[in-house]
Amino acid sequence: MKTLRGVAITVVALFFSLPIVWMFAAAFKTNVQVTDPSVGLIFEPTLDNFRAVLADERILPSMVNSLIVGVTSTVLSAIIAVPAAWAVGRFRMHRAGSLVLVARIVPAISLLVPWYYLFAQAGLVGSYTVLILSHMFVSVPLILWIMIGFFEGLPIELEEAARVDGLSAFGAFRRIALPLAAPGTATASVLAFVASWNNFMFALILSDEHTMTVPVALFSFISYAGTDWGGLMAASTVMTIPVVAVAVLAQKHLVAGLTAGATKG
Amino acid sequence: MANRHLKWLMLSPALLFVGAMIIFPLLFTLNLSATDAFGAVNAGADHIGLRNFADAFGDHRRFWPAVWRTIGFTVSAVLLETIFGLALAMLMRRAFRGIRWVRTILIIPLLATPVAIGILWLLILDPTTGIANHLLGALGVPPQEFLGSVRASLPTLVLIDVWQWTPMMTLLLLAGLSTLSEEPEEAASMDGANAWQRFRYVVLPMLGPTLTTALVLRAVDGLKTFDIIYATKGAGGGSSFEAETLNVYAYGLTFDYQEYGLAAAVLVLFTLFIIGVVLVLRRRSARSAA
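Those sequence lines, one after another, are chains A and B.
Reading the first sequence from the start, the letters are residues 1 to 265 in the working numbering.
Reading the second sequence from the start, the letters are residues 1 to 290 in the working numbering.
Hints were generated in silico from the structure; no laboratory data involved.
Check the hints yourself; a few may be wrong.
Stated by the list, open to error - One side of the interface only, derived from the structure: several residues of chain A facing chain B at Cβ under 7 angstroms: (1) P37; (2) I80; (3) A81; (4) F91; (5) F170; (6) P215; (7) L232; (8) V248; (9) L258.
None of the values given here were measured: they were computed from a predicted structure.
From the three backbone atoms N, C-alpha and C, an ideal C-beta is built for every residue, glycine too.
The following block holds chain B by itself, in its conformation from the complex (with noise of 0.2 angstroms):
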């Protein structure tokens, strides 16, 4: 049949580039996971096993703590995100007079430069500088030392993750709670359903599909983040390594100290990892959903 030809045809160019890209390359991290290879990028390299995923997870000091931060940031930044977005679309769920400057003015931090975002969260936050403090000391707050501190660092940049990402959440929200019909709102209320009982028991579990997905977005994304730590902490997420997460460490492995084998292996670990998220996140929607 000719349609079996053509749909094949007009897939495979988008098929055969995305699987180059990715086939190719994952197979030769995963060969480089199991060698020496240091240095120069044609430098000679010896298969030594498994010994880089030992090395990483005997690693307490840059390994484990990345780890950890990692999930630290996205389960604080998604979790979060989710709360204030859903708040938010049902805020904006009827519309109102303005509603399309509102979701401008919500689009813009998600399409701004994240280098750009985080370079002017730095000036805002400046400790001593900064228009944050000069606020938050108008109202009695203690100056406090946001991105300059080792403590406070990685909670300030899930502050920024926050405000970046909460409008997609809003978004992605509202096209799902536009989808739902309100029948079934109305028959709760003729019942006799409160605010909250129509929204908890109710248009929550009808969002369910659509938070999943949006979940699972925002997990994969929040764990991949790179752009704005890079920008506001440098190489290694700062002195004390205080906001390095697995990205920025695997960045910083291959691209600064050149260990291009044990920044495999923490690749391959960090790929399975997000993979895993994912696997789990999708199973218990089609759990609940069921």
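The following block holds chain A by itself, in its conformation from the complex (with noise of 0.2 angstroms):
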């Protein structure tokens, strides 16, 4: 019984893996290898697609865009949903709360198409500034969530004892919840970076050439690249890299922000 599970485990463990490993190896073949289904895990690695990813015009500068627009969006978001977050958990605000979270219910493409054409009257599409506003309305909800509950995970009676010794109830806020809510807001702020470096649909319509983010440079580069499977698989994991560094560092806390709120009905 106990060989079986492990077994099983085992199985899907390789299941969720491997797809992300021929990637990688992928990335490390050259053209007619990658196309070469009997080439397996084993092969003389090159160079040569990460070469042509970084010469690529657009990969790297689409890079440091989708860094300005991720952390501008989540030190914002960050900003004005944590204490939102806090009065919703310690004032029971939940019926003002849960109107921010209908952001996550309506489909963003309803959205999208008034944004777009009330951005182009304004002529803002193509700009930072429309990038980050409409991550931000992903980011907002998203931290809102995850923070609510580790608000009302924290125990009350800290911030009592502080009222008690004379601090006002914003003072308890930004002098001991805080400061103990730090390891969640660091972890719904990755996930809302990550949200915003994944995202594709708001950036293929609202960004210009100059702005693109990465997922539409890469979406850009297949058809560019016609079916230059390497060098597509070495922008994949260029993009893929920093996501799976997180993951391994912070898998304790990423599975506790990526879950919250879901056990309490």
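Got two chains here, each in a separate frame; can you build the complex from them with the hints?
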């Protein structure tokens, strides 16, 4: 029974990891090797694909764009969502809080059309501002969702003691709850950044050739590079490595963040 | 009271931001859906009542097939993810050596960029040069067309979705399982219930609320799936629209054909549909919990 379970878990782990391993391997293959399925995971690696990606005029700039948009939208979202999550958690304002969570349900494309229509008339399509605002629309509800659960899990006694000692309600948030919530805020911010890094649909419409983010650059690389699989996989690898690194380093926190709020029913 | 002002002060920036990004555009879409807006975004448009909705409902070439594809894709993907996710969660329920690594492996698919994942599967599933047909051939299975054929495209996309999102289901259910008390199960065990009976009549009912939350989250995301379809099949979900779901259809109407009025009508229907699904799922869970 125990060996059976071990075998089952190994099969599952291979099923979910092998495609990613295949991506990394393909990134180091020549175009002949990559289209020859009999070449498995043992071959002489080449760095040519990565050289081609680094020399490509859109991939590197698009990574800079993704970083600018991702960091700015995440920081701004955390600034408005973390205090809001504390207010919802501490003062039981769930009705007001759930209004923000409506944003998770409404299909983004039904907003993207009017955003595009309105921003185009304002001449803003293609600017960082529009990209950051649209990504914040995803990040604010995400951080709020995770942080409400986090603040509710903090013992209220510490804040009450601080109030007795003369701190204001805001002081209790600022000096007691916020520092205690640092790990949660970090997790929520990482997940918000990943959501921004991965976002395709918004950037596809709202960015231009100077502000395009990595997924859009990758998508344009498909048609531009034809079937340069090695190049495509090298570009995908460069995009995926940061995510894998974060997953390995912060697995426990990320799982907690991803599943936040699910067990309350 | 100071607290009264404070709590609203802290909530309002987030509330106002999300409200402004959502309410105004929704009203705008609603208004747009009653016009014949077409072409340049600053071109004038006339109100034509509900004609766009009538056009959509009468469209058996693009609209209705997209509706059925959206439903078929979401139902099959979420069903498979629930079954596999539940099985995997039960498998991983008790700690084992290397559980941290398995959990790490599980979060990578759901954090990886969907566009990159889509391209990766195009490589793996390439009908002539992909590793998938090579492996199937070794097992004696004839080569498959996968994303290259009209018939197999949508089922293949379901499988990709299952690969990417079963881990999410598993992690959500594992979190739910970890909160359950073990006593009812031990009692059932003493009364002679076997493993399946304990799962079916003790664990599963207790897991109900978590399962509902997970179902709602996955169903909503499944209905809205865009990136992976667009990255692998392109505009219109392929040359015969074989993978065109409502999201891809509305996207194409707006940005490829500039049919803003009709697109807005489709989006209004799509939004109402998703809200309806959420309400039905939540209502059912409220009833089964009572």
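Evaluation of the provided hints:
1. P37: 4 angstroms, holds
2. I80: 4 angstroms, holds
3. A81: Hint holds; A/A81 Cβ to chain B Cβ min 5 angstroms, cut 7 angstroms.
4. F91: Holds: closest Cβ of chain B sits about 4 angstroms from A/F91, inside 7 angstroms.
5. F170: With a minimum Cβ separation of about 6 angstroms from chain B (threshold 7 angstroms), the hint on A/F170 holds.
6. P215: 4 angstroms, holds
7. L232: 5 angstroms, holds
8. V248: 6 angstroms, holds
9. L258: This hint holds: A/L258 lies near chain B, its Cβ roughly 6 angstroms from the closest one there, short of 7 angstroms.
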